[in-house]
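S.K.: Sequence:
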Amino acid sequence: MMSVTCFFSLTVLLFLWLITCMALVVILRKRRASGAEPSSFHSDLLVRLASAKYQEAMEASKRLREVADALHIGLVELKNNRIHEINQSALELLPEDMRSDQSLAGLLASLRDYGPRVLESDQTTVQLSRLPTSGSQDLVLVQDVTESFLMARKLKQRERLALLGQMTAQMAHQIKTPLAVLAGQAQMLARRLDADTVLKDRAEAIYQEARDLARQINEISNFYKKREPCFKDIELCQLLFCVKKRLDSLDHSCEINIECPDKITLETDPGLLQNLLFLLGQNALSPETAATLLSISAVRDGEEVIIRIKDNGAGVPKAVRDSLFEPFAGTKGEGLGLGLFLAKDMVSQMSGGIELEEVEQGASFRLNFPVRHAEKVNIR
1 MMSVTCFFSL TVLLFLWLIT CMALVVILRK RRASGAEPSS FHSDLLVRLA SAKYQEAMEA
61 SKRLREVADA LHIGLVELKN NRIHEINQSA LELLPEDMRS DQSLAGLLAS LRDYGPRVLE
121 SDQTTVQLSR LPTSGSQDLV LVQDVTESFL MARKLKQRER LALLGQMTAQ MAHQIKTPLA
181 VLAGQAQMLA RRLDADTVLK DRAEAIYQEA RDLARQINEI SNFYKKREPC FKDIELCQLL
241 FCVKKRLDSL DHSCEINIEC PDKITLETDP GLLQNLLFLL GQNALSPETA ATLLSISAVR
301 DGEEVIIRIK DNGAGVPKAV RDSLFEPFAG TKGEGLGLGL FLAKDMVSQM SGGIELEEVE
361 QGASFRLNFP VRHAEKVNIR
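Residue numbers (this note's numbering): 1 to 380.
For the record, the hints were derived by calculation from the structure and aren't laboratory data.
Fair warning: there could be bad hints in the mix.
[To be verified] Below, computed lysine-lysine pairings styled on DSS-like, alpha-carbon distance capped at 25 Å: (1) K154 / K176; (2) K318 / K244; (3) K244 / K232; (4) K318 / K344; (5) K245 / K344; (6) K263 / K154; (7) K232 / K263; (8) K344 / K154; (9) K232 / K245.
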């Protein structure tokens, strides 16, 4: 893609060319009007030269607009604070409320004073810059910088996560051991206090709090502890029943159903897939979800295997659906909001996809994985 600097230089040169040609025409007309015309030969020569240069400049201007449209760069030409010309890319990039003379004139004034401006909408981020011209003309360059801003946000997010990792790695290691001792002692104390209901309830509350804190620490540790997946052929239904067994061991009153045809084979990392499904199932069994039924189903669809984890609980609020798989965007009061972000990362490691489906009640996560894992080839 043509660099913005190069495009800017070409635009400035084109405007200088246009101004020069127009100046020649104006001078000739003034000389004729004043009666100080040169010889017929020289006059015709100058007129032809000016006309030819003007036509060349107009053709170059037309080609420049075509190039700008091809590169999806917007150009808006203003004369006396009114839109003189606007290309198709500018019409597509500018918000509707910014396409009027008044809006662009006000924006132009701010561009003169404060430099480039960034306008953000739901889907697009555009940057507007004023190109220096002479006279009453102004040229505004409109660029789509959505991808650049998205990359900048991701980089900032990675820096934030890296900083969090440095701060919490040592803390997690130091806290886990005494926390395990505290939870174990509280559990033993609760068993010995059957006669004293009040003290037993308090001991169990200490145990529950310690267990929740340990879960959060493990969530952080797993988030920063990555390993290369080890792919091999598995019998998927057996793995789903192993996940059900792990989920049944949790403290809940939800019915768990497995729906899986026999002999669905899948090349994947069995440990990683089992942890992923357990994580999503555990999420569905939380008290906040209030689900009474959890179903895990699998089906082969061509060269893909589709796995669904569906519950009949409270569902996912609309306000958080767009950011559901981002870090620290959890929907529950407890935890750090890393669960679904971690789930998406695990899915990505297995070359799969995950999405939240639209259902009438509860929540349904759709996972898709290739039947055969494609080896990555490093090109040097």
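S.K.: Does each hint hold? Answer for all of them.
M.R.: Hint by hint, here is what the structure shows:
1. K154 / K176: violated (31 Å)
2. K318 / K244: violated (29 Å)
3. K244 / K232: Holds: K244 and K232 sit about 21 Å apart, inside 25 Å.
4. K318 / K344: Distance of about 19 Å is within 25 Å: holds.
5. K245 / K344: holds (23 Å)
6. K263 / K154: With Cα atoms ~41 Å apart, K263 and K154 exceed 25 Å; violated.
7. K232 / K263: holds (15 Å)
8. K344 / K154: Given pair K344, K154 holds - Cα atoms ~15 Å apart, limit 25 Å.
9. K232 / K245: Holds, at about 22 Å.
Checked against the numbered hints above, the structure breaks hints 1, 2, 6 and satisfies the rest.
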